[in-house]
Amino acid sequence: MSDYNFAYLDEDTKRMIRRALLKAVAIPSYQVPFASREMPMPYGWGTGGVQVTAACLKADDTLKVIDQGADDTTNAVSIRSFFQRTADVAVTECTQEASIIQTRHRIPEAPLHEGQIMVFQVPIPEPLRFLEPRETETRRMHALADYGLMQVKLYEDIAKHGEIATAYAYPVKVEGRYVMDPSPIPKFDNPKLDNSPALMLFGAGREQRIYALPPYTSVQSLDFEDFPFAATKADHSCTICGAVDSYLDEIITDDAGGRMFVCSDTSYCSERAAS
Amino acid sequence: MADILAGGFSNAPHQAAHAFRVALDAMARPGTRHCLETAKAPAPLSQAAATLLLTLADTTTPVYLAGACNTPDIQAWVRFHTGAPLAQADAAAFAIGTWEALAPLERFATGTAEYPDRSTTLIVELAEFGNDTHRLTGPGIDGEATAYLPGDRLARFPLGVDLFLTSGATLSALPRSTKIEAL
Amino acid sequence: MYVAVKGGERAIRNAHAWLAEERRGDPDIPELTIPQIRAQMALAVNRVMAEGSLHDPDLAALAIKQARGDLIEAIFLIRAYRTTLPRFGTSTPVDTADMAVSRRISATFKDAPGGQILGPTFDYTHRLLDFSLMANGDPPAAPKASADPQPVPHILSFLDTDGLIEPAPHSDATPRDLTREPLELPADRALRLQALTRADEGFLLGLAYSTQRGYGRNHAFVGELRIGTVCVEMEIPELGFAVDIGEIELTECETVNQFTGSKTEPAQFTRGYGLTFGQTERKAISMALVDRALRWRELGEDDQGAPAQDEEFVLSHCDNIQATGFLEHIKLPHYVDFQAELELIRRLRAAASEDAE
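Protein chains in written order, with this note's numbering: chain D, 1 to 275; chain V, 1001 to 1183; chain A, 2001 to 2357.
There may be inaccurate statements among the hints.
Under the rule of at most 20 Å between Cα atoms (straight-line distance), these lysine to aspartate or glutamate pairs were calculated in the DMTMM-like manner [said to hold, decoys possible]:
#, chain 1, residue 1, chain 2, residue 2
1, V, 1179, D, 72
2, D, 153, D, 72
3, D, 173, V, 1128
4, D, 160, A, 2357
5, D, 173, V, 1037
6, A, 2331, D, 72
Residues of chain D placed beyond 12 Å of chain V at every Cβ, according to the derived structure [stated by the list, open to error]:
#, residue
7, 10
8, 60
9, 91
10, 222
11, 239
In case anyone wonders, no lab produced these hints; they're calculated from the structure.
Note that beta-carbon positions come from the ideal geometry of N, C-alpha and C, so glycine has one too.
Please build the complete structure, drawing on both the sequences and the hints.
In structure tokens, the structure reads:
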């Protein structure tokens, strides 16, 4: 792919994204508008994450790409090979070895360390979007830190279902200021955002927004004193590695109700199974 | 007359990527010091400030050169290497100068409640990083840190200006989110 | 023992190989050439150029071939290519009054300087399948006439002279660029028109139709619809003047709409405007109607709550590349979020049956 620049994007575009990233880091969890480009993969496939990764990559990076926690899902394979072709970077499946991890819907089970960058693919960056579809309104609410609508929604959940009926993309409050959508990770992963040593970058291509969590940032899942947040998962252990502390995929094994549970983080699972 | 054509990136995609990651790391971990030395502009602009400009400024980002940085050589160098238009303080995306030359900071954009990102980024040229003067807490800092700062800056989070501090090839950053307290 | 599903890379490779084979189809049938598509599927090429925001009939034809005739897929290919192109400069505004017209009609005046020119239109064809085309029949030659050198002024300029229609003040201000800056709301008219001209034809058609049926009605007459070629000029700073760099085909639609006015302000017709690449008149007319509907605030009209009046709704949903991407992405794996929902719903059900006992 020598017809294209290093990491595909032209330098003007990378500069524009880099400026947005610096603002995003300086104003944690505020959604910075950016002039998202049309990428050679469809909106919804991770164009925001791909643009953020492209703007961050340097030649000596080691990249890991996961989708649903797995390195071998088709879209993870596709994005990884895109960067192998356009940036010729080293790739890995090992969480600890990666300097940049692009992800869709999961945070790895292995603890992240300082210096690592997580890049999240974000479909709808606006945590208030399904309560108020208008950008002009939600922008005002963030400006005023007016999150009453969200409180009402969570409270109504409890009244109706006995608990907050949000299982993924569970909203968080960052440094006591902005409410943020953590991308559609299961709420099981929410605690990994709080005070993480790694830098977390979020890219929403179609919605033209970038936001960030610097390392060691306070990230609290929204809840009520009498209904505290709980990071839940299926009450099983992994059939392959036996892990009881990892997020699980449910596999249907036959047509008679047979099922098993295995780690969604394939790298974590195979490293455990090997040792 | 300095050679304004010299001192740019020889391999922009890779050098800019490296410099950006240094800047990103600095902004993500306030007060930490980093090395940034790829570009070289006419005096008195530091290597770190020159490299930041090449990495971040272009035709879409007005640049304000304050005080001793506002020389014909530096103007020509910035225009030639970045294409950035030179601007007054209140219209600048980036402003460069010593702490004294940049003062008063009230003249720079701090963003709006709806768009706090529409603010000026200051590149503060220091003669040197002195002994630590302030205690820093907030995002990017594990507990607390100490750092040398030339003074206090106004920050009414989420509004405010973000600072890069530069001296020679050394870079450090202070985003608006950092709470500071004189030691 | 269970082994986790692997093989994504091979699956993708095989899918691509199969796709390429399907695209070519039966190798005993001659392959379509780009000139054939460009010449004989010209309206498809035009749509791809219009919504792809790139005037290049050869690349549009290539995209259609590669996309197996899926026009939204072809538009996507063009858009993704377009974003990678360096920008050498900006053309001066094209002058549609100087258009070499191949079609020019007005629904408001029976005749006007420049005349009515039907051009190559389907308008009065009887929609009967022409089975002779199955036998590759060459059509009889169309009658020819020499080009009429007389100017073809805009029909609305006649209304303008009499003060009967709102003025359209000239402006040299550089509009914001939708493809280089994030969309910010509220948008100005120039930005709205940019979004509409690359918007999905079907989406705009439906919205425009809804205004005709009363959802934000604005009583549109097609003052003029013209199709033809215009010169594109670019200022060359080194030369100090503009040079002709080529010509492009455009469709322009100007509508005359319901009037404004009061006891003190004399009544005036208002305008809607559509401009698109190529011969794409359904799109240009739709664009003019939606443009006019979106101008309700500026013209002091009521917000009827109609979809076509809602700037944020229209601009956020008119782009078919954004829409199709987000729509289709729900077929990608969502095992993790679905598992989270499953776990939640099982727990809620267990709690409910405990309560019931």
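Here is how each hint holds up against the structure:
1. 1179(V) x 72(D): Roughly 43 Å separates the two Cα atoms, so the pair is violated.
2. 153(D) x 72(D): With Cα atoms ~37 Å apart, residue 153(D) and residue 72(D) exceed 20 Å; violated.
3. 173(D) x 1128(V): violated (38 Å)
4. 160(D) x 2357(A): Within the cut-off at roughly 18 Å; holds.
5. 173(D) x 1037(V): violated (38 Å)
6. 2331(A) x 72(D): Answer holds: residue 2331(A) to residue 72(D) is near 17 Å, not above 20 Å.
7. 10: Given a closest Cβ separation of 9 Å, the condition is violated.
8. 60: At about 9 Å from chain V, residue 60(D) fails to clear the 12 Å cut-off, so the statement is violated.
9. 91: Residue 91(D) clear of chain V: closest Cβ-Cβ about 17 Å, beyond 12 Å.
10. 222: holds (19 Å)
11. 239: Residue 239(D) clear of chain V: closest Cβ-Cβ about 37 Å, beyond 12 Å.
Checked against the numbered hints above, the structure breaks hints 1, 2, 3, 5, 7 and 8 and satisfies the rest.
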